[in-house]
Amino acid sequence: MKKILFALFALLVAVGSAHAELKPVTTGLRWQFVKNAVTNDGNLTVSKKPIVPDGPKDTTATFSLDGICVPAVSYNSGRTDSVSIARVVVYADSAGSDVFSGQTVNTNIFGAFGSDDSYVLVASYNTRPTGRTFSIPIYANVPVNSASYYAPAASDFNYTFPKMKIVIASTNGSTVPSVRVALQRFDCK
Amino acid sequence: MKKILYLVATAFVMALCVAPSYAGTKIQTQSVNWLFNSNLTTNGTRFVVKKPIIVSAADTTDWVTTTSWAVPDFPYNTSGAGGGSTNDSVSVARFVVYVDTLASYTTTASVNPSIAYTIEGAHGSDNSAFTIATGTLNGTDGAEMYSIPVYLQNLIAGEYPNDFSGLPSRIRIRLSFSVASGPNTISACKVAAQYFKTDDK
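Order-wise, the sequence lines are chains L and B.
Residue numbers for the first sequence follow the numbering used here, beginning at 1 and rising by one.
Residue numbers for the second sequence follow the numbering used here, beginning at 1 and rising by one.
In isolation and in its complexed conformation, chain L is listed as follows:
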């Protein structure tokens, strides 16, 4: 009996590990130093950095969403079903300046494939630097019904390009003194 128990337990552990829970993984994105542009400090770490208003864009290092894990899809009854596979987390703090005077942090997500770095804007979001983080979800696998069977749907596998980067800008008001970016995705193990 003990052997049976042990065998069942071992099997349970094996099954559990085979269907390992997807774990969210956070990756800090480095700021990419841009030559010939005033990027304040060219900070190459994931620490906070200021973003100059209406100035040169600040860009993160390139990252990829290839090979990331896709969670199980929970679905309702139609094409609104989707699953989030990753998110871009942006922290922006005005550090005392007047947030409500129009100071806006603009986050643009670019994607590309191939070897020639032809990036295209795939998403753009605006937020106020309130000292909080805001997240930009990235979706995949949106099922559709036959009514739109042949229609191109930009929401399918949204934003999952093998080469991606995030460009941050302060589009209005004064300098946003404290901004940083991270990427969260699911890991299979």
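In case anyone wonders, no lab produced these hints; they're calculated from the structure.
Don't take every hint at face value.
Said to hold, decoys possible - Once the Cα atoms are required to be at most 16 angstroms apart in a straight line, the calculated EDC-like pairs of lysine to aspartate or glutamate come out as: (1) K197/B with D187/L; (2) K48/L with D93/L; (3) K26/B with D66/L.
Since the structure of chain L is provided, determine the placement of chain B on it from the hints.
Quick look at chain B alone, frame taken from chain L:
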């Protein structure tokens, strides 16, 4: 002892049920070469670089092998006799088409470039292609990225998921464009395919 055995067995069954059926599937990207066709003015570029698309001259990619692609669980409605519906479908892949007109078109829809696409499939060894999807991309000025999903669809109402129409062992995409006025060449175009693959850990 029996209680312990029962508890372990119950936990085992629960683990099987709760385990996410789609977890562990990864997204993969594959670049697609242009298929050289000496009978067409395709410029003969066989690599994953941008190439021009000339009006009225269809350009086709090479075949993308779908072997070992993962098929997600089908979402299904409850309208079918047995729960499944022929409306149910799921995307298993997509072609990503980068297009840069690099030319000035007016924003009037009637004169913007219209890019027709055909997704073809083939089984066996003779490359007898059949059409599995068609559509149109409406181009505008500048660079754009289009996503063209490839679906599997439930064929028989009342049947449950996995009764899909079948994923051909090879698929490819053909592009051709027309324009009412303006430049007759789309200066830069390239294609990639994205699909799911099971976790190979």
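Against the structure, the hints come out as follows:
no.	hint	verdict
1	K197/B with D187/L	holds (14 angstroms)
2	K48/L with D93/L	holds (9 angstroms)
3	K26/B with D66/L	holds (8 angstroms)
Checked against the numbered hints above, the structure breaks none of them.
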